[in-house]
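Numbering (our numbering), first residue to last: 6 to 182.
Keep in mind that the hints are not guaranteed to be accurate.
As the list claims (entries may be wrong) - Cut-off 16 angstroms, straight-line C-alpha distance, at most; resulting in silico cross-link-like pairs (EDC-like, lysine to aspartate or glutamate):
id: 1; residue 1: K154; residue 2: E128
id: 2; residue 1: K47; residue 2: E25
id: 3; residue 1: K166; residue 2: D122
id: 4; residue 1: K154; residue 2: E141
id: 5; residue 1: K47; residue 2: D22
id: 6; residue 1: K154; residue 2: E25
id: 7; residue 1: K47; residue 2: E58
id: 8; residue 1: K44; residue 2: D156
id: 9; residue 1: K154; residue 2: E66
id: 10; residue 1: K16; residue 2: E58
Think of the hints as simulated: they come from the structure by calculation, not from any bench. Bear in mind the structure is a predicted one, so any value in this text is a computation, not a measurement.
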Amino acid sequence: MPTELDMGCGKGRFALDLAERFPDRLILGADVMLGRLRKVAKKADRRGLENVELLRANNLELVGYQIPDRSISRAHLLCPDPWPKDKHRNKRLATTDFFSRIARILTPGGVFHFATDHVPYFEAMQRIAEMHPAFERADDGLDDIAGIKTDFELQWEAQGKRVPHAAYRTAAGGARL
6 MPTELDMGCG KGRFALDLAE RFPDRLILGA DVMLGRLRKV AKKADRRGLE NVELLRANNL
66 ELVGYQIPDR SISRAHLLCP DPWPKDKHRN KRLATTDFFS RIARILTPGG VFHFATDHVP
126 YFEAMQRIAE MHPAFERADD GLDDIAGIKT DFELQWEAQG KRVPHAAYRT AAGGARL
């Protein structure tokens, strides 16, 4: 069964809508906030979604050692905290190491999808992805999820802000870093 990972799933809108659209896929929603995960679990039960599993985890630890190699067909990082202040730079996920960890968990040809309304952060993530040896641009990597949005994305769009998305695919032979 193909498995997709929603890192920082928050209130679960994206993960649950994804699970509803693709009942043949396992959707893993991960977040550090236990209260959020409990609410997402209740929503999944009310909607009758049996293909959702939730994990309480920090994104770095999750992709660093909690997810097995080559087990995720598509990973989503949507509207993460951009940590714009210099003193918080060490909390940012836009690093080569983070992208290497993502490449490790993706299946051969797996897709990493990211989006944020914070343009400098988005551009930094794009630069890393473009330079990373494990990834190539996947312009078709999001066609099947058009219209599925996060709560943050809906909020920003209501304010007239654009939320850019990008998708990168691992090499067909798989990433070995």
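Taking the hints in turn, this is what the structure says about them:
| no. | hint | verdict |
| --- | --- | --- |
| 1 | K154 / E128 | 20 angstroms, violated |
| 2 | K47 / E25 | 15 angstroms, holds |
| 3 | K166 / D122 | 7 angstroms, holds |
| 4 | K154 / E141 | 24 angstroms, violated |
| 5 | K47 / D22 | 14 angstroms, holds |
| 6 | K154 / E25 | 13 angstroms, holds |
| 7 | K47 / E58 | 12 angstroms, holds |
| 8 | K44 / D156 | 14 angstroms, holds |
| 9 | K154 / E66 | 25 angstroms, violated |
| 10 | K16 / E58 | 14 angstroms, holds |
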